[in-house]
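Novice: Line by line, the protein sequences give chains W and V. So the first sequence is numbered by our numbering: it starts at 1 and just counts up by one. So the second sequence is numbered by our numbering: it starts at 364 and just counts up by one.
Everything labelled a hint here was simulated from the structure, so no lab data went into it. You can trust all of the hints, since none of them are fake.
Below 25 Å or equal to it, Euclidean Cα-Cα: the simulated DMTMM-like pairs (lysine to aspartate or glutamate) are:
no., chain 1, residue 1, chain 2, residue 2
1, W, Lys338, V, Asp458
2, V, Lys459, W, Glu214
3, W, Lys134, V, Asp458
4, W, Lys346, V, Asp458
5, W, Lys224, W, Glu212
6, W, Lys134, W, Glu212
7, W, Lys216, V, Asp458
8, W, Lys88, W, Asp157
9, W, Lys224, W, Glu214
Derived coverage of chain V by chain W (criterion: at least 3 residues anywhere in the stretch with Cβ under 8 Å from a Cβ of chain W; other residues may be distant):
no., segment
10, 468–476
11, 588–599
Under 8 Å between C-beta atoms, here's a sample of chain W residues computed to sit facing chain V:
no., residue
12, Ala135
13, Ala139
14, Phe310
15, Pro337
Even for Gly, the Cβ is constructed at its ideal location relative to N, Cα and C.
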Amino acid sequence: MRLKQTLNTFLHSRSFLFIIVFFAITAFIPLLIRDNFFLTVMTLITIFSIYAASWNFLANSGQGSLGHAVFLGVGGFASAIIGSSISKAVNFLGTSQMPVGGLSAIILIVALLLGGLLSAGVGLLIGLACIRLKAWYLAMVTFGFSVIAATLSSQFDSITQGINGYTTTTLVTKGYPFYLLVVLFALTSISVMYFIMNSRIGLALRAIHGNETEAKMIGVNTTKYKLLAFVISTFFAGLSGGLYTYFIRLIDNSIFSPANSFLPLIMSVIGGLGTVPGPIIGSIFFVSIQQISTLPSVVDSLNGALGPYFPNVSNVGPPLSLLTIGIILIIIVIFAPKGLISMFQKIYKYLMSEQKNKETKPK
Amino acid sequence: MDLTAPTIILTLVWGVAIGCVYILLATGLNIIFGVMKLVNFAHGQLLMISAFLTWTISVSLGLNAYLAIIISMIIVALLGVVVERFTFRRVLGTDKLNEIFVSLGLIYIFENVAMLIWGASSKQVTSPFYGMSVSLPGFSITYDRVIAVFVVVAALATFGLLLWKTKIGLAMRATSQRNTTATLMGINVQRVYMFTFAIGAALAAVAGGLYGVIYPFDYQVGALPTIIAFAIIIMGGLGSIKGAIIGGLLYGITEQMATLFLGGTWGSAVAFTLLIVVLIIRPNGIFGEKED
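The following block holds chain V by itself, in its conformation from the complex (with noise of 0.2 Å):
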């Protein structure tokens, strides 16, 4: 293996665009946390049903690969919607385990689900600009991923934009802040926990048809994510959106790196070991507060 510059700056590119991947389904899941105190486990197969979904859309009706992304997306948010209102809704506030629990069943419903219906079989979209990519000197990139960083970037600034400067993204700060006090002040919490969902599961269903097109997928391709968005959250922060996106990057180089220079199979189990050192220091993350 050639160690040369221009080889670890391809590494750091790839680092970034899959990181980008991450930061989306791990801001998803961070609001999730954040609003409704609720970890969900089974994000990731969000993200799995999205790419299914995506390839099915470009598929069947042969539309273009980053338009179907948004058709799924506005999908799977009423999955989301659905799921929300009929399980998690239900455990919400009783022993914090029963979340875990049914973030398990609904692993199981998703992926089951996803093999009856597409298959065990692994597919991959196929973008427009298949094949394209980008020179620069040294080394090359495909379109793709160019493009992956660009929507992440984009998503990511509707929801800050949403977040911030609208009234809904007010009540959800409220919400985060303190739900009963939230409910004092007059704010449906239900509401804002049923749109908090949507919105977590609509990052998910983007970063799965960004996933769809730089990878290939099987209906059991959810796990590793949702673990991965996860220690991401925990290495960057719980709630800070800043610290998601910093994580992210962390991650996606740190995999990218550990693949170059331990070999293919050592890029998760590096990562992991960097998410354990991180709890082992910092049981609550590095920018972690106490439990109350």
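Extracted from the complex, chain W is given alone in its bound form (with noise of 0.2 Å):
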């Protein structure tokens, strides 16, 4: 009864809405402007805004990991495998070279599913060890465990082959089909991770962030939600693994090397940590500055603008734009620590009171 009630005001609600019309227009924004790289961008911001959401879902709990690429790398190498070995295995049955059309799929889905679940079980381990762990120490263990993760997938080369790579098999068609499922996962997902906070374990959840010990008093079992906040994110960041190794067709060690864990904590802190659609504004704000430094023509002009004095470089772009977002980040967390959704926000509060003045002056 109590789980009716809040689907129905979560459905009613404007932050739904808004993640409903947000993805509707991004699904279809590909259509209007025929573009590859283009796509190629829409696809990264879609898949890496489930990415931080599912890094603020779990800072939403008070606990910031700095070792989320974990889990992007558990979900990326096992969705791979288990992709290549379902389709290895109806090829074998089938006639066709490939599975067709929806069969493939379905593989698909399935096996980023079956990556997240995966990524999941790692995460309940790692979360059980982290579960009285606090602030930087809590940072510093889950990046550990990156540094582990590494190790172990070079290790166990022979299964990942993440020292040459690990090559997935096309299962749906690259471009716009593929980049539709990913919008279709990224509405899915950032859904249920806003529902969670808004029902009951959301509020236990925030309770604990708010005080821990408070939290613990008023009867809330503080391990028991800790846990299945570090579960449900780890799931999710599984699910974008899975999502970005299909979109690169390529993965490797590198996937597990602290800047991809620094990734959505980046994001969901310029874009507004914890909220909605901060991860994503987030994620639209890194990932355009990351790919127009990489356009052809803008690393021309760069490199002739600023080569010169920089003769060690030989393309400037990359750097210059991760200069930029250092700076960015810095300057966000001192003046607008609410990221830049608190500024969007001002200044519709600013345009709607311009207005009502308009509205009620003549008189």
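With the hints as a guide, bring the two chains together.
Specialist: Pasting the structure below:
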């Protein structure tokens, strides 16, 4: 009964409307702007908004992870390996070269979900190890796990092929069909996470974030809820890892790099920590800056203008874009700790009050 | 692989030499944490910048590598003052997570500025003692590693004198105990913070110079040492200098032993497993106190 009620209020809330409208628009924009580069950027944005949202979900319970790349990697490797083996098995039974159409899409979805589940399993174990840790102790230990994951992955190279890179089987046509699948996953994932954040579980998690001892005193089973947050977050992180792997069609050990662990954190903080649109806005921002700096025309003009000053670098684009992101991150933390979303809200409120003034002034 | 006594002794000695570099980095991180209650995740990037500066100074000015370390130390200390003044001071006392975020921003800035200036290829500082080693029965060790140990001891001794025998050291210790009371006693806490950060950066710079002499390095080299230094502090106990020394040696020896017995890729993984085990048993470190 209570679940039904929560579901009802959830379906009628403004944030849910925002998610639906946003992803509906996202799904159709590439049909208007037919450009390969644009589609790549949009796909990456959508994949990373799941990843950032999963980190944001965990942060909402007061647990800041610095090792989320573990789950990105586990989900990626698992879904790549599972997808290949299922399609091999199906090929063996069937006659065609590749499983066709709907079937291969189903295989991909199953592989992605299994990858997410495996990642959640790993998340449960790591969550158990981290249950008593706080702030930077937690940050350190989760980071430590990403170092261990990279080592393990190269140790079991016969399975993961992480040193040379594991090439995925193409199951859904590259381009728009795959993009639609990604958008669908993002829509469901972010809605589910938002729904949980607004349910009793979310309330418990916010209570734990506020003050763990007090939450325990009023009867919240903090251990259970913290673990639950870990499992849910790592499931979606694994899912995004799978999507990412199938998008770039290759996964190697570099997926466990610290940069990948910092990514969702930076996106969430730039966009707005603890909010629903925050990770999405952050992802748009980050991926756009990074991808635009790889555009041939931008690269040429940047190298032409700045190349002579930096003779040791062949391409100034990537370091410059990351440098910009670093500076923006610090500026946002210092001047707008609630992220870009708070700035948008301020502008919106300002504009609305202007309008009201105009409406009331004529008298 | 022959696991003879000399090999194991050599590994121990290497562990001590590497541990020493980490101790220096950890002590810098530790004093910043002790006084400012701030974890600077970008500390390893100061090490990286210093390694590059040492390389540039010793190559372009043709200076002795060990003299270059001193110049690099002064530059990095000034850099530390700038960083503290314009970034950390503004978020100190707000949410703890903000400090982590600012550090991450600094990591991106330092790494990419270093890449723009020095490029992506790896470099190594050529020391005047390149290729020379001390021969002992059964094994030999390079002069540079021996010198590294002495430099670390000298740096730590200077740091200890500064902390325990000078007025600013007294102010630092007072601030580390309770900054509000220190303010009431007439200590300019902001200035103490600035000074502390500069000292921490200087220690990281010395570590960076030594690192650059012992190992090849590139612009991404800072990330792991930061984490290792932090692991050392946690193992030894936050705020305790003796703890950092013990933790550093423990870490260096564990890493080298794991490399010897399990192979190269296991070094840092085993060391981190040690850290994780320590933290699972004692969430606030071995000598750590309960948070208030």
